[in-house]
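Respectively, the protein sequence lines represent chains A and B.
Using our numbering, you'd call the opening residue of the first sequence number 126 and step up by one each time.
Using our numbering, you'd call the opening residue of the second sequence number 126 and step up by one each time.
Read the hints as simulated data drawn from the structure, not as lab findings.
Where is the CB? At the ideal position from N, CA and C, for every residue including glycine.
Fair warning: there could be bad hints in the mix.
[Claimed, not checked] Some chain A residues judged to face chain B by a derived CB distance under 8 Å, without partners named:
no.: 1; residue: LEU197
no.: 2; residue: VAL337
no.: 3; residue: THR352
[As the list claims (entries may be wrong)] Just the calculated beta-carbon pair ranges, DEER-fashion:
no.: 4; chain 1: B; residue 1: ALA354; chain 2: A; residue 2: ALA276; range: 35 to 43 Å
no.: 5; chain 1: A; residue 1: PRO340; chain 2: B; residue 2: ALA354; range: 34 to 42 Å
no.: 6; chain 1: A; residue 1: ARG294; chain 2: B; residue 2: GLU238; range: 23 to 31 Å
no.: 7; chain 1: B; residue 1: ALA221; chain 2: A; residue 2: GLY269; range: 38 to 46 Å
no.: 8; chain 1: A; residue 1: ARG147; chain 2: B; residue 2: GLY296; range: 55 to 63 Å
There are 2 protein chains.
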Amino acid sequence: MIDLIGFDADDTLWENEQYYTRAREEFRALIGTHLITGGRPEGAPADLDDLIEATERRNLRYYGFGVMSFVLSLIETAVEVTGGGINSGDIGRLLAIAKRMISAEVELFDQVEDILADLYGSWPLVLITKGDLLHQQAKVDRSGLSRYFAAIEVVADKTPEVYAAILQRQGVAPERFVMVGNSMRSDILPVVDLGGLGVYVPNAGTWVYENVDPPAEANGRILHARTLADVPEVIRGLGMER
Amino acid sequence: MIDLIGFDADDTLWENEQYYTRAREEFRALIGTHLITGGRPEGAPADLDDLIEATERRNLRYYGFGVMSFVLSLIETAVEVTGGGINSGDIGRLLAIAKRMISAEVELFDQVEDILADLYGSWPLVLITKGDLLHQQAKVDRSGLSRYFAAIEVVADKTPEVYAAILQRQGVAPERFVMVGNSMRSDILPVVDLGGLGVYVPNAGTWVYENVDPPAEANGRILHARTLADVPEVIRGLGMER
Numbered sequence: 126m127i128d129l130i131g132f133d134a135d136d137t138l139w140e141n142e143q144y145y146t147r148a149r150e151e152f153r154a155l156i157g158t159h160l161i162t163g164g165r166p167e168g169a170p171a172d173l174d175d176l177i178e179a180t181e182r183r184n185l186r187y188y189g190f191g192v193m194s195f196v197l198s199l200i201e202t203a204v205e206v207t208g209g210g211i212n213s214g215d216i217g218r219l220l221a222i223a224k225r226m227i228s229a230e231v232e233l234f235d236q237v238e239d240i241l242a243d244l245y246g247s248w249p250l251v252l253i254t255k256g257d258l259l260h261q262q263a264k265v266d267r268s269g270l271s272r273y274f275a276a277i278e279v280v281a282d283k284t285p286e287v288y289a290a291i292l293q294r295q296g297v298a299p300e301r302f303v304m305v306g307n308s309m310r311s312d313i314l315p316v317v318d319l320g321g322l323g324v325y326v327p328n329a330g331t332w333v334y335e336n337v338d339p340p341a342e343a344n345g346r347i348l349h350a351r352t353l354a355d356v357p358e359v360i361r362g363l364g365m366e367r
Numbered sequence: 126m127i128d129l130i131g132f133d134a135d136d137t138l139w140e141n142e143q144y145y146t147r148a149r150e151e152f153r154a155l156i157g158t159h160l161i162t163g164g165r166p167e168g169a170p171a172d173l174d175d176l177i178e179a180t181e182r183r184n185l186r187y188y189g190f191g192v193m194s195f196v197l198s199l200i201e202t203a204v205e206v207t208g209g210g211i212n213s214g215d216i217g218r219l220l221a222i223a224k225r226m227i228s229a230e231v232e233l234f235d236q237v238e239d240i241l242a243d244l245y246g247s248w249p250l251v252l253i254t255k256g257d258l259l260h261q262q263a264k265v266d267r268s269g270l271s272r273y274f275a276a277i278e279v280v281a282d283k284t285p286e287v288y289a290a291i292l293q294r295q296g297v298a299p300e301r302f303v304m305v306g307n308s309m310r311s312d313i314l315p316v317v318d319l320g321g322l323g324v325y326v327p328n329a330g331t332w333v334y335e336n337v338d339p340p341a342e343a344n345g346r347i348l349h350a351r352t353l354a355d356v357p358e359v360i361r362g363l364g365m366e367r
């Protein structure tokens, strides 16, 4: 029996990583000309991506997840790699990227509303998303999807403890909870760790940080859905309709 | 009758604005030497504070409240006022200020724990704080005070709607709620607007954004406490012990 379905938002219900990918491309174009590493211009873009990624991961403990964290890490990477070669105008362009990302329209994936409306008729749904509080709430508002959710939880990170607290507030045992999302690391494994089920919906654009291999103990607790449109069938295939 | 007491955190239970004040001073020292406005060096510091404040307010709709928002606004102000004169090293120093602010120890005000322990024996307490999700949660953890609170709510802004949603989750009518805080704008007026009571605890260091004059309609719904230590007496003086 399933008593509650959780949905991730970014890259599960709507586009997200593509904005980061585009920002990284712009960063490479902007910063590449100022690089002090020298001697291997053809290697610079890939190196820069690695440097951004390393800075982002190092800064998670200060800034958490989200656009502000990302752009602060872009600025930090720019300062580090240019050795003074970056100018105010370039920094201003990075700030403009942050505001553009935060202001972007929400682009829903195909059939999202039909899928939620379908499941909503059978189970209560909760939305669980990590990132900047204001931006995540704004995206939920812009999506027009909030009416399908019994609760909308913006969290700083998606750990087993965070899911346990949400399930306690909802009065649902972990083994009666299934979480749907594109991130093995954030959406699936912590829920499986608690004793719940995960429906993994791969997304080619997912941030590399979110891709981890599930351990053998997770066998049988992770269901794969080829696309979001397959999620209702996968969940109903569990024979767990209430 | 009071059924629930809400507490603000920053500048009500612990120091906060002093870190921002120190950061603004460092910003003035750092940026003052690069100013392009010219011709009135003695006026520059005050002008800079006004420019920071204007940038912060303009950016609230993108970044919300908190250290990341503040430092992004410092960087934006630096880009604007120096016309290219700021260098990577200075930007790096602004990023270091952000990390220092986020990592700072929590400095509780005098007698905070005694005051909470006292009230906790008579009423359920909730902590309601606005700012960056990760940072605010980290401060609550570092404070050691979370055990006194039935709920800890980190919110993007403190509007009547946000308070109404919290009270609904707690199952408390607004007229049975009293909110304690240093910000007339964020802690007191939205609660009074809903029909609740506010206990205003002034703090000389409060950010100017948070200081607004209460309207005449708020008469009789705002109680003043000279210091946090006076709050239990003020609330008990209402004759509203359950």
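Could you work out which of the previously given hints the structure breaks and list their numbers from low to high? 2, 3, 5 and 8
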